[in-house]
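Build the full structure now, drawing on both the sequences and the hints.
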Amino acid sequence: MNFRDTMLDNYKEILKTYISDQTEQALYLSEKFSRKLLECKVSPEEMISLHKTSIMELEPDLPESLLLSLDILLEVMMAYGLAYREHQSLRTIQRELINEIEVAASMQQTLLGTQIPHLSSLDIGAISVPAKQMSGDYYHFVSHENGAISVAIADIIGKGIPAALCMSMIKYSMDSMPDDSQAPGDVLERLNRVVEQNVDPTMFITMFSGLYHPENHTFHYSSAGHEPGFFYNSEKGIFEELKAKGLLLGVDKKAKYNEYERKVEVGDVILLMSDGVTECRTEDGFLEVDTLIGYIEKYIQLGAQDIADKVYKELEYLQDFQLRDDFTLIILKRIA
Amino acid sequence: MMDSSVKIINEWDIVAARQLGRNVAKELGFGIVDQARITTAISELARNIYLYAGQGEIIIEKVENGAKKGMTIISRDAGPGISDLRKVMEDGFSTSGGLGAGLPGVKRLMDEFSIESTLGEGTLIQSVKWLR
Numbered sequence: 000m001n002f003r004d005t006m007l008d009n010y011k012e013i014l015k016t017y018i019s020d021q022t023e024q025a026l027y028l029s030e031k032f033s034r035k036l037l038e039c040k041v042s043p044e045e046m047i048s049l050h051k052t053s054i055m056e057l058e059p060d061l062p063e064s065l066l067l068s069l070d071i072l073l074e075v076m077m078a079y080g081l082a083y084r085e086h087q088s089l090r091t092i093q094r095e096l097i098n099e100i101e102v103a104a105s106m107q108q109t110l111l112g113t114q115i116p117h118l119s120s121l122d123i124g125a126i127s128v129p130a131k132q133m134s135g136d137y138y139h140f141v142s143h144e145n146g147a148i149s150v151a152i153a154d155i156i157g158k159g160i161p162a163a164l165c166m167s168m169i170k171y172s173m174d175s176m177p178d179d180s181q182a183p184g185d186v187l188e189r190l191n192r193v194v195e196q197n198v199d200p201t202m203f204i205t206m207f208s209g210l211y212h213p214e215n216h217t218f219h220y221s222s223a224g225h226e227p228g229f230f231y232n233s234e235k236g237i238f239e240e241l242k243a244k245g246l247l248l249g250v251d252k253k254a255k256y257n258e259y260e261r262k263v264e265v266g267d268v269i270l271l272m273s274d275g276v277t278e279c280r281t282e283d284g285f286l287e288v289d290t291l292i293g294y295i296e297k298y299i300q301l302g303a304q305d306i307a308d309k310v311y312k313e314l315e316y317l318q319d320f321q322l323r324d325d326f327t328l329i330i331l332k333r334i335a
Numbered sequence: 586m587m588d589s590s591v592k593i594i595n596e597w598d599i600v601a602a603r604q605l606g607r608n609v610a611k612e613l614g615f616g617i618v619d620q621a622r623i624t625t626a627i628s629e630l631a632r633n634i635y636l637y638a639g640q641g642e643i644i645i646e647k648v649e650n651g652a653k654k655g656m657t658i659i660s661r662d663a664g665p666g667i668s669d670l671r672k673v674m675e676d677g678f679s680t681s682g683g684l685g686a687g688l689p690g691v692k693r694l695m696d697e698f699s700i701e702s703t704l705g706e707g708t709l710i711q712s713v714k715w716l717r
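Taken in sequence, the protein lines are chains A and B. If you count by my numbering, then the first sequence holds residues 0 to 335, one letter each, in order. If you count by my numbering, then the second sequence holds residues 586 to 717, one letter each, in order.
No farther apart than 27 angstroms at their CA atoms in a straight line, the calculated lysine-lysine pairs in the BS3-like style are these:
no.	chain 1	residue 1	chain 2	residue 2
1	B	K592	B	K611
2	A	K297	A	K262
3	A	K312	A	K297
4	B	K611	B	K654
5	B	K654	A	K40
6	B	K592	B	K654
7	A	K35	B	K692
8	A	K51	A	K40
9	A	K244	A	K170
10	A	K11	B	K611
11	A	K255	A	K244
12	A	K170	A	K252
13	B	K692	A	K40
14	A	K51	A	K11
15	A	K309	A	K242
16	B	K611	A	K40
17	B	K653	A	K40
18	A	K297	A	K242
19	B	K611	A	K51
20	B	K654	A	K51
21	A	K131	A	K312
22	A	K51	A	K15
23	B	K654	B	K692
24	A	K15	A	K40
It should be emphasised that the hints constitute simulated quantities derived from the structure, not laboratory data.
Take a look at the structure:
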């Protein structure tokens, strides 16, 4: 037998118990009853009608005025009943949306997936964690035929779905780039033209593009307004900023990107990141660069992936596990 | 079959339409919960006429379909019409502005619901509640 068939009797029983002696037990039973009502989608107006029927059967001598007052109560509760039904249908819609976003997010992971290249002289680690379900950060590796490795990291100004859609475009422009166009400055110039032509003028992208040559261990890089990376000089035990000047992608289609060069020795580490790392916010304000470097230094002797994972864990903890921006950190460590 | 209608010109006509609807619902043997649902739907339709169309009418008809008995509420106006029916049938569209149940509310309160609207000509809404 279902709840609706027995609810009048159940309710009368609760009412009767409470009218005879006002126990907490009866009040608890009515709490349970109301949960059941919601579970079975009984609307407020039905409940008031149920109450009226019950009380009329239990107490036949009630004054007419009291019973009439219940008609007004029922009418007044109609709007609540409608709001309740609307809430239910909106919840269904919300669940559908959440499911759709989950599918989109996992699709994004597949679409934007990149293989971390294996080199005997270079240990590479990467971590990228979205603040919401969809990420506006992106990183990409390419192994060239001549043995060189391209690395790119990009950040869309903005988060969520619009940023994610924009990312897909960047990914496909990079994939369709010819193998002979490896110079970081050229890469940025080409992407800049794509972005300038295809993206809404209010959307900007910052990007850092690098190229590692394993035969002479030099790192060439250019930046389109991206967060500067760090370079760890293992001989001196110091961190330096990988400074590079360049306009954001999508601002000016004629923008030129200068290329910079760095010699990399065994033990040196290149760290590339999105602003979710440097602009990590805590209760006391933004994270200081020195604090960030402190964390990196603590783990600099570990393998590249471990450095990335541990630094992320520290910053996650520092922010009480609430990422405000997408977080991406790439580590390139020369090991031989 | 008995038909009757109420012209909606001012706010008091909403009350008259409700009264007519309630009388018919009672006569047919609808319980108090369904009576309240039917009159709430009538209020909503009549208020839409009063607020957006200026004038129109609410027609109440008894219907029979084999062994089933019920009542139809028809709302007809020669107002501006509705340009985006999908939008007005969306939950949260009218209610967020505090305008009441909106047309999705009417649809939920009744068993059947249909709407036709032509820009510049007006809107016709028909809804049925069956006696269980």
